Structure formats: structure tokens, C-alpha cells
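Trainee: The lines below spell out each chain.
2 protein chains.
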Amino acid sequence: MPNRTVFFVSDGTGITAETFGNSILNQFAAKPRHVRRPFIDTVDKAHQVVREINHTAEVEGKRPIVFITLVDREVLAIVKDLSKGLVLDMFNTFIEPLEAEFGITSNHRVGRFSDVAKSQEYTDRIEAINFSLAHDDGQSAKNLESADVILVGVSRSGKTPTSLYLAMQHGVKAANYPLIPEDFERGKFPSSLAPHKAKCFGLTIDPERLNQIRHERRPNSKYSSIENCRYEVREAETMMRREGIAWLSSTHKSIEEIATTILRDIRPDRLMY
Amino acid sequence: MPNRTVFFVSDGTGITAETFGNSILNQFAAKPRHVRRPFIDTVDKAHQVVREINHTAEVEGKRPIVFITLVDREVLAIVKDLSKGLVLDMFNTFIEPLEAEFGITSNHRVGRFSDVAKSQEYTDRIEAINFSLAHDDGQSAKNLESADVILVGVSRSGKTPTSLYLAMQHGVKAANYPLIPEDFERGKFPSSLAPHKAKCFGLTIDPERLNQIRHERRPNSKYSSIENCRYEVREAETMMRREGIAWLSSTHKSIEEIATTILRDIRPDRLMY
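From first to last, the protein sequence lines are chains A and B.
Heads up: the first sequence is residues 109 to 381, going by this note's numbering.
Heads up: the second sequence is residues 109 to 381, going by this note's numbering.
The set of hints was computed from the structure by calculation and includes no laboratory data.
Please read these numbers as outputs of a predicted model, since none were measured by experiment.
You may find that some hints are simply not true.
Intra- or inter-copy, both count: the list cannot distinguish identical chains.
[What the hints assert, rightly or not] Subject to a maximum C-alpha distance of 35 Å in a straight line, what follows is the list of computed DSBU-like cross-link-like pairs (lysine-lysine):
no. : residue 1 : residue 2
1   : Lys188    : Lys153
2   : Lys153    : Lys307
3   : Lys250    : Lys305
4   : Lys330    : Lys250
Use the sequences and the hints to build the structure in full.
Mentor: What follows is the structure, given as C-alpha cells:
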């Protein structure tokens, strides 16, 4: 039962602050309650969130942890000075040394996302999402030449979530293409992928884990049987090895880790810009 | 031309550090070069990245900004003590006050993602992605009762990226359903959505912006014409207003902002857990 609350108070979405704060909190055994309060960009909203924080402090008898990313000085002062929490200022902590280093003051402007919807980067991201959707699960072999990455692997090895993540987070046009029993019987790598081998990346998975995942979708089928899972995984790994395609196992990895490894290995340019 | 480099050095993916660091850097007019160096979890890799940082410092004649999230004390010490950069320690800066507050030391353990692939939260996220894909663009009216959110709006108003983002980031099962000219002619809200109105959320968009987006897909069609875009948007807004469905305009908003607003308005429980 959590008896301590962590607030994430932001003038934007607070998503990054929360994700980042979580990775810090994960270093502790404590499992506090999480409350995200986005779009706190006026004095009124600041007072409201301070009331909520102080009420929580009273009820729980412990001061809440308050991660803040607030740019506006007035809003910041209210939350910082009036709330009975341990306030951790994720923003200004780093703004100050950077101001000194750059020799300029920051603009202290809320709305870091403003006009984002019109930026080229944003347009590219949306286009990449559309591309990845249109090229999910080998749906289309058209335009594979404009793919940045083509994920290959047996059904349910994690290709779809990884492609979508690469598109959404990195604006990478990631197609994905299944390796299926017919490919193994023919003993041939899918011919539509042959010209694009250099940008193919393989995902594999423990047969036992695959068996579990497939079982949830089609229980007691040949598709989900452990024998078939072992067969497909073995054949897929043999094929990728033979074709010289880099691959990793998705079994114990998060989507974020898989995506980062793929970029590091086949598109290192996407980690530098 | 950037003449200063920012490094993001992490023992994990470094994605959060980079996203967060970017929101801080966006407060400055400077546009430095970005280099992300993930999975720096050994002494050897630490020395390698230090060499890269110091080489950059020499070439550019300015010390690089180095955001770090490194848990292992030995790796941390190498990067912190040996690199000729302005090192901003995003991790330990907050770990220390938290250790004091909780009265316990953190575990200083790398691999915050380990076993993540087996956690319930992660499984829910993957399931939500599959749900959102299967319920993209009104593909299936089956199981709409298990949707957490149903996005409605005219074609190209931003429903698909938002649904996928809600699923991927928040594990929210987000279906999306287009409002089409036939619905406007009939003057009726799609009947398969009628029982689920409480979880519907609308997206609208400026007709001019819609015209641009549609033009890229189908130039010089009725579909993309400004007259038709104005007609569809007006009818969709009228319909949503009449049906009492909350909605917002996606025109100047990022996917993250749209998703956060939807959660705040119709699933506030998803911002607290």
C-alpha cells in the first residue's frame, strides 16, 4: 500500500518528467503513488496543485515528492515556495549551469511544443508512422527502397511494436516482414527483401516465450505448439545467419532497448544529428 | 552550422535523458549537434566515450555539454572526472536528496529495464498496441466495449498517431473511428459508437491545414478540396457538439499534448496510479 505520493507538475505534458522521474525512483525499493498534473501554466492552476499537494501531505503524514518542470517564474515560485513537498526542480537545476556555459540567458518560455505540429521533424514523424503502418507484417512490398529499416522475424517476435516505436519516437521509416514456414520450406530468404538486405534487422525470441505469446492468440493450434515454435525459431535464426543479417533476441528486452540497439547497429547516424 | 556538441551518455537507452535534455536545450537559441551514446555500462565503454568527448572538445574548441544518466559508480567516475565537458548528472543530482528523504540508499543498479518484458505493465502495453492496430480507422466494431478511449473525427485529423501513442506510451486501448460524408448525409452519429459515447473523444482540425495534408495524399481530388474539407470539418464539429462529445483541435498540438489532454479529460485515472 503506497503511503507516499510523487507529483509530476509540468507546464507541458509532463510525460518526459514522469518517465525520467520514474527511472530515478526505480532505484529505490519504495513504490509510491504517482500523480501527473500537466498544463500547469497559470497562477490559478499553480495554487490549485499546491492545495492538492498540501492536502496529500496532511493525509499521508509524509511530504510528497514533487518533480517539477516549470518555466514561468511566477508559477514556479508558487509551487516551489508554497508546497509542503520535497520539490525537485528538474528544469532550473540544469538551466543555470547551461546559462553560465553558453553565456546567455534562457528564454524562460512555456510552450516548448508550440509550432511543433508544423516543424519538418514532426511531419517526418507522422509520415514515418504512416509508412510503418502501411508496411506492417509484409502488407506491402512497394516502396521498400524508401524504408530506413526492415525488421524480419517469425510471427510474434516483436516486430510490429518495434517498427511503430522507431517511427513514432525517431521518425524512422521501419517496415516489418514476417519469416514464415513457407520461407523455411523453400529454404530461401523472401525475394522481395533480397535487394534490401543491408537494411534488414532480425528479431528472434526464446521458443518457450513465443509458445506462451502464441498460445494466448491461438490456443492448442499447430501455430502455437512448442514444437512448431522451436522449428520456426531455429529455421529463422539459421536463415538470418546464412544471409548475414544482424539480429537480437527480444525475449528480455523492452521495445526501447530493441529500437536503440537497432539504430546503434544499422543506423548510427540516427543517434547523431 | 553547429559548433558545439551535446552528448547524452547513458547505461540504458538514453532516450529519456535525450528527450528531457532537449526540452531544456530548447530554452536556448543555440542549436548544438546531438550525439546519443547508449548502453555505456562498462569501464571500457566509458573510456571510449571519454575519448570521443575529449576529441570533440579539441576539434570544436569548446567544451561539449555532457548529460549523463549512469548508475554504476565506477563508470560514472570515469566519465565525470576524465571528460573535458560540462557534465550534467541527471541521475545523481536527484538521487541524493531522495536518499535523504526516504532515509535509505538507492540500489545503484544498472538495468532499470531488466525483466521489463515480463512485467504486467509491459504486457498490457503490447496488448494495447495490438488492440489499437486492430481498431484503427474503424476497421473493427468488435470489442469496442473493451476500448478505453475511442477517437472520432474526419479522415486525417490525427486519430491514428494519437491512438498508437496512447497505446504505446500509456497502455491505453485506443480505438479510432472516422466520421465520413455518409454519416453527415444521414445526420446520424455512427450507430456502432452510440453505446460507447462516454468514452468517445473528438479530434478536429483547421480546414486549411486538412486541405494541405489531404492534398499530399490525393492531389486535386474532391476529397482534398478546400470546399470539401470545410464541409466535413463543419459537419463533424456540429455532430460532436450535438452528441455532447468532448473534442479539441489537433492543428497546433503535438501527439503528446493531444494524448495528455484526452487522458486528463476522460481518463484522469490514467494520470494517477
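Trainee: Are any of the numbered hints broken by this structure? If so, which, sorted upward?
Mentor: No numbers; nothing is violated.
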